[in-house]
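**Student:** Heads up: the protein sequence lines correspond to chains D and S, in order.
Per the working numbering: the first sequence = residues 1160 to 1608.
Per the working numbering: the second sequence = residues 1160 to 1608.
What the hints contain is simulated information worked out from the structure, not anything from laboratory work.
Be aware that a few hints might be false.
As the list claims (entries may be wrong) - Facing chain S, from chain D, some residues (calculated, C-beta under 8 Å):
id: 1; residue: M1360
id: 2; residue: R1382
id: 3; residue: W1444
What the hints assert, rightly or not - Pairwise CB distance ranges, derived in the manner of DEER restraints:
id: 4; chain 1: D; residue 1: R1439; chain 2: S; residue 2: P1443; range: 36 to 46 Å
id: 5; chain 1: D; residue 1: Y1383; chain 2: S; residue 2: Y1383; range: 21 to 31 Å
id: 6; chain 1: S; residue 1: K1300; chain 2: D; residue 2: L1524; range: 21 to 31 Å
id: 7; chain 1: S; residue 1: H1315; chain 2: D; residue 2: E1280; range: 33 to 43 Å
id: 8; chain 1: S; residue 1: A1605; chain 2: D; residue 2: L1602; range: 54 to 64 Å
What you are looking at is a predicted structure, and each value in this text was computed from that prediction instead of being measured.
C-beta atoms are modelled at their ideal positions from N, C-alpha and C, and glycine is treated no differently.
2 protein chains.
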Amino acid sequence: MAPIDIEKVLDRVRQALAESDWNRAVDLVEALRPPDQADLFADLPPTDQDELLPRLELEDSADILEELEEEEAAEVAGRLGTNDLARILDEMEPDEAADLLGDIDPRRAKEALAAMGEAEEIRPLLEHEDETAGGLMTSAKMTLHESMTVDQAIAHLRVIGPEAEAVYYLFVLDDEVRLVGVVSLRQLISAPSDRRIKDIMETDVVRVQASADQEEAARLMSRYDLLALPVVDQENHLLGLITHDDLVDVLEEEATEDIYRLGGVLKEHPPDIGVPSALRSRLPWLALNLATALISATVLKSFQSVIAQVAILAMFFPVVAGVSGSAGTQALTVVVRGLSLGELSLRDGLRALGREVSIGLANGLVVGSLVSIVATLLGGPPALGLVAGLATLLNMVAAGIAGAAVPMVMEALKVDPALASPILVSTITDACGYTFYLGLATLLLARLV
Amino acid sequence: MAPIDIEKVLDRVRQALAESDWNRAVDLVEALRPPDQADLFADLPPTDQDELLPRLELEDSADILEELEEEEAAEVAGRLGTNDLARILDEMEPDEAADLLGDIDPRRAKEALAAMGEAEEIRPLLEHEDETAGGLMTSAKMTLHESMTVDQAIAHLRVIGPEAEAVYYLFVLDDEVRLVGVVSLRQLISAPSDRRIKDIMETDVVRVQASADQEEAARLMSRYDLLALPVVDQENHLLGLITHDDLVDVLEEEATEDIYRLGGVLKEHPPDIGVPSALRSRLPWLALNLATALISATVLKSFQSVIAQVAILAMFFPVVAGVSGSAGTQALTVVVRGLSLGELSLRDGLRALGREVSIGLANGLVVGSLVSIVATLLGGPPALGLVAGLATLLNMVAAGIAGAAVPMVMEALKVDPALASPILVSTITDACGYTFYLGLATLLLARLV
């Protein structure tokens, strides 16, 4: 089944709203799945959103606030009355409710929290910073005690079951709420009914500290194919769970962050943020880029008299600097992604450098030869082809070295290679390209004029 | 718990192998979790791998072949005897076994398949192309019939349970093996024991056609937070399931593909492939880049006489072309990632274009002013600052237009924007930058010399 065609339903909802036929609008929305409900809801004007939301089933309102983009959800929640908001928050997954409370005006958040029935469940989640494992977790309600029997455990689940978070693993606690084991629902239903949980549980449980980076949590879940990862404090008390839907979100967020940073956009954000926010994310980079471009400008200035004598040299600037710049970007991309996925580590540094030098040499021989041929075909002085081709070859090797070494050094300095490397690599390939090219031209000046 | 320190265990395994103490090596490996086993195994020399693998429990051998990188697993499998290989394949998850058979020599694959006990389960999986939903699925053993009672269903699961794939949803079939509903394990244990499955199942099941792209399957699973996605043929017969571990793999693969393509690397591959393969993935791009750089070369050639008269102009080439090129890359990055995550679509095209033009204008005003100031400070002729600043402003707007329009047009033409756009955008920003800059310089030539 393909995702539903939101546009069609949206037209019908709009028509119902235009006729103030609330029941029909509500029926149309409630027939959708949560992510589709949220997509449709986001496309309505605020006045319609405010009319519609309180008329929906509480569960659907909660789903919509969970599924909307963060900023959008905060706006909608900000326009709700305190009691309406509190009732919806009570219905939301605890981690989503905590996130939403963190995104709205702190005074309103305090009021809503005071009006909530399940505030006690949310408060501990508010203590952890965003982007840590603790900030990602939800409260773990479906836990078992190690001394229960299988039958007692199943009866316990039947009581708390329908209200709790989706369940795949049941974490097992001792008297002091310390995490001591895990049982899967499947193990539970296949075990003899009078066995004790502590005799069927597995004790070797992958867990994460609440203060760990969310990326570490995602990496553990993805590496060990976990659907839920328990979050503990330093004394191994179970604080909460990170569930698989968060894993996908974190993976996409981290991939987007890498892509943005490699593309020179500082902060991961949705594509449709306002111009001022976009500028904050892009201008600093361009200003830095301007500063580094001045290094190449200085190189070019120092060769001013050569350029004045052989102006045709400028023709191959885009080739000598640009094409090698692309080669540097290629090397950088492979190394940064490898570091990011854990497929490369610092101890592979020398091997990676060696490989990139070989690739640069091979690329340089081919592209350098092509450049020489093109220069000759275009009818410049015969030495131009030699100079441009040789400069390309040298700069391709420089590009390989820079593309491999820069991100490795950044990683060693604990700076995100995706953030810091692209500008350094392009600065190096530009400056080296102009130096090799104009340096060689100076040596062979007699043959060029 | 942090991932285990493989290095330490590896040293001890190496020592055990050096002393031919197989039992100790086996014990050390078997104490690890599968992904750690595979990492350690991959670091051993082939001779040690071949000695060790047949000595491990069948289940551990199967885990290692499942977790190794594709190429590595194919190599190890290629060195195994047919019967050893067949026994391990029988123990592997069906989708992983099918993938491995597809990666090894076809004759050997046929022999191994003939020697397998569960070949009939694998054969249907071999029919689907890689990178389709069918190519990703595993066989679905844990299904229920709509006419079963809850008690019968639980008894059925207890019988087939331990052997089957991890279970979160139980898909419900009719007499003709058509997918008619879904029940969660949790619903099953909370339902009265004499209810019929068809009365408790949900009938609105998200599903995917076997021929659909794997990206579509991943998008459905990620959008609707699914742990398993049923794969059907055109008559809605259940063919298999895609499980959540594949989702994470596909998401990472697709993100890597986007990152590589934006970085000018044609094919997604691990960072440590050989130089010849790396060249196949990079050289065509560089050759194409060389061809497009010749457009800028032509622009520069046509302004040769201006450059000869005012060689200092060359000083700002890296600024006028380079910094705007970075701005184009920023716009491109945001639009390509937005299209890739489904946050942007073609109907947002004009709005995205408008936003990028505004951003380009704002960036251009700031960076253009900085360029003017720098040019004046560096002591060029007064008009140089004006020309460089104005060219930067104009090219920033061009970069915004190119960065938004090019990927949108590619998307409309059904070409992957991540693949085709970067080279076009940089060609446009280069050629426009030189044209604006040298064109303005020609107009103001009298004030520059």
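**Student:** For each hint, tell me whether it holds in the structure or not.
**Tutor:** Results for each hint:
no.	hint	result
1	M1360	violated (16 Å)
2	R1382	holds (5 Å)
3	W1444	holds (7 Å)
4	R1439/D to P1443/S: 36 to 46 Å	holds (37 Å)
5	Y1383/D to Y1383/S: 21 to 31 Å	holds (24 Å)
6	K1300/S to L1524/D: 21 to 31 Å	violated (55 Å)
7	H1315/S to E1280/D: 33 to 43 Å	holds (37 Å)
8	A1605/S to L1602/D: 54 to 64 Å	violated (35 Å)
Of the hints listed earlier, those the structure fails to meet are numbers 1, 6 and 8, in rising order.
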